[in-house]
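Chain residues, written in single-letter form:
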Amino acid sequence: MTKKEMVCVSCPIGCAITVELDDSNEVVSVTGNTCPRGDKYARQECTHPERMLTSTVKLEGGKLPVVSVKSASPIPKEMLFEAMKEINKVTLNAPVKIGDVVIKNILGTGVDIIATNDAK
Amino acid sequence: MLSYDLAVIGGGPAGMAAALKAREEGVEKIVILERADTLGGILEQCIHTGFGLHYFGEELSGPEYAGRFIKQVNESDIEVKTDTMVLDISQDNVVTACNNVDGLITIKATAIVLAMGCRERPRGALSIAGSRASGIMTAGTAQKYVNINGYMPGKTVVILGSGDIGLIMARRMTLEGAKVKAVCELMPYSGGLTRNIVQCLEDFGIPLRLSCTVVKTHGRERLEGVTVANVDENLKPIPGTEEYIPCDTLMLSVGLIPENELSKNAGIELDSITNGPSVDEYRETNHKGVFACGNVLQVHDLVDYVTQESQIAGEGAAKYIKGEKKTGECIKTLGTNGVRYIVPQRINKQTDKSVKLYFRVGKVFKNVKLVVKCGDEVIMSNKKKKMTPGEMEYILIKLDTIKSLPADSTLTVTIEEA
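Protein chains in written order, with numbering that gives the first Met the number 0: chain A, 0 to 119; chain B, 0 to 417.
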């Protein structure tokens with residue numbers, strides 16, 4: 000049995016949550032949360048934590064040298080650095096529009112990297 | 000001289016929301032004056048997500064949040080002058096500005112909305128020993144270098160101050176391959192949002208050192224390292240706790256200051272705590288027809304609240320232009336016992352809507368009561384699990400309550416033990 004301490008990020012209250020895990024890393028109990036969202040967050044955080052990824056990619060022929068991008072939805076936390084390597088390989092040509100797909104299905108996650116700004 | 004119903008100074012989220020709201024309320028001739036070459040303000044460099052959770056119910060990046068308002072402005076008949084620097088606002092609401100298309104221009108406006116935003120507190124405002132080596136910059140400057148100009152300002156970083164921009168930049172620099180060695184915070188608590196501590200520091204194993212500050216920088220041409228030290232309860236460095244950390248970059252995230260040079264020159268009364276204008280419930284300053292909203296009024300934590308506040312100012316300006324804005328006896332507001340300030344600072348007794356009082360607390364409070372009083376009479380009392388200085392709070396005062404208060408009374412917001 001192991002215990003994990005975490006702070007819930009679902010809302011500004013920031014509850015201090017304690018999760019108990021058994022030897023096969025299954026969640027046994029979640030305590031310290033004050034609402035169901037905390038329970039959900041804690042379980043996800045223990046099983047497969049995910050994060051949004053935002054960055055920039057190089058831009059040719061634009062007013063600025065880079066344009067901002069994000070993952071269309073959260074991706075597994077442990078893949079953030081590998082995804083950054085892929086993003087840093089890309090060069091786009093202006094013009095770019097908000098929502099343009101920059102990398103389809105990055106690293107097989109099923110998540111696209113999309114542009115978050117217009118670039119002329 | 001050009002003539003407009005409304006001149007909005009600043010084309011960031013505050014200025015755009017105020018202009019759009021005024022247009023929606025029927026104001027016809029509106030101009031936005033923006034110093035940068037595009038609308039959007041600081042959001043253009045805030046490429047991380049988390050914007051719009053309250054206002055749009057979506058987690059947008061800064062440019063996406065700004066983009067929604069830029070699109071609306073472009074589709075409207077609101078006039079926009081970019082690359083335009085406002086130099087002066089006169090007593091009779093004449094705005095003097097210049098740009099390289101029109102030259103020097105004067106604009107007579109019935110109403111003016113101040114939406115100039117804020118600036119970061121620079122190194123000069125702190126007393127850190129050391130020479131002026133390159134590699135010392137505010138976190139927002141570093142953010143512009145990385146996200147707009149596309150280059151990395153350094154490889155090994157120490158961040159002083161745990162404001163949100165510093166936390167966001169700790170993650171951004173780490174993702175781009177830099178090593179962030181520590182975030183030092185003078186206070187015993189962080190000045191940033193809890194979710195940013197978790198997602199930007201803990202996720203990447205970046206240490207947050209509370210009650211710790213930078214006492215010296217090393218290096219003459221380029222920064223070579225910093226000496227940090229722990230501080231006592233009076234925030235003074237404790238001798239013997241000094242530690243040298245080698246780094247080529249020191250980022251400062253030590254507070255934001257509303258940019259009110261124009262307001263001061265125009266004789267607009269400022270609040271000594273917020274450093275922003277003192278306003279009524281529609282965000283009108285003591286200068287008739289001049290309104291203020293966004294970070295020039297008070298430093299916000301979330302842009303969603305900036306938008307809401309600016310819509311109030313836009314609506315107020317529209318009422319003023321149409322001659323419908325009520326003025327007269329006011330109720331004053333006051334924060335005490337840990338409530339640092341209240342915006343708005345006064346409420347017209349004849350107002351037509353319930354009013355949200357926004358404030359920040361001076362330290363971390365847990366399990367307390369937030370009490371609103373008029374004299375000794377308790378108007379309302381809410382339980383609060385947690386309030387921190389990094390997060391803006393508000394409390395709603397209903398219209399009937401406002402109507403029932405005597406003129407010239409003071410509404411006090413205070414914190415009591417639960």
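Calculated from the structure, these hints are not laboratory results. Honestly, I wouldn't trust all of these hints.
Some chain B residues near chain A, calculated using beta-carbon distances under 8 Å [what the hints assert, rightly or not]:
hint, residue
1, Thr-48
2, Ile-147
3, Gly-149
4, Gly-190
5, Arg-194
6, Val-197
Listed next, the stretches of chain A that the computed footprint assigns to chain B, with coverage defined by at least 3 CB atoms under 8 Å from CB atoms of chain B [said to hold, decoys possible]:
hint, region
7, 45-57
8, 75-87
9, 110-118
Don't be surprised by glycine CBs; every beta carbon is placed ideally from N, CA and C.
We went through each hint and held it up to the structure:
Taking 8 Å as the C-beta cut-off, the interface hint given for Thr-48 of chain B holds, the closest approach to chain A being about 5 Å. A distance limit of 8 Å between C-beta atoms decides the matter here; for Ile-147 of chain B the minimum to chain A is near 6 Å, and the interface restraint holds. With a cut of 8 Å, the hint placing Gly-149 of chain B at the interface with chain A holds, because the nearest CB-to-CB distance is about 4 Å. For the restraint placing Gly-190 of chain B at the interface with chain A, the shortest Cβ-Cβ distance is roughly 14 Å, beyond the 8 Å limit, so the hint is violated.
Given hint, Arg-194 of chain B at the interface with chain A, holds; its Cβ is 4 Å from that chain's nearest Cβ, closer than 8 Å. The restraint placing Val-197 of chain B at the interface with chain A holds, with a minimum CB-CB distance near 5 Å, inside the 8 Å limit. Check result for the region 45-57 of chain A against chain B: holds, 7 residues qualifying (beta carbon to beta carbon below 8 Å, three or more required). Under the rule that three or more residues need a Cβ within less than 8 Å of chain B, the assignment of the region 75-87 of chain A holds, with 4 such residues.
For the region 110-118 of chain A, the stated coverage by chain B holds: 3 residues have a C-beta nearer than 8 Å to a C-beta of that chain, and at least 3 were required.
The structure fails hint 4 only (numbered hints given earlier).
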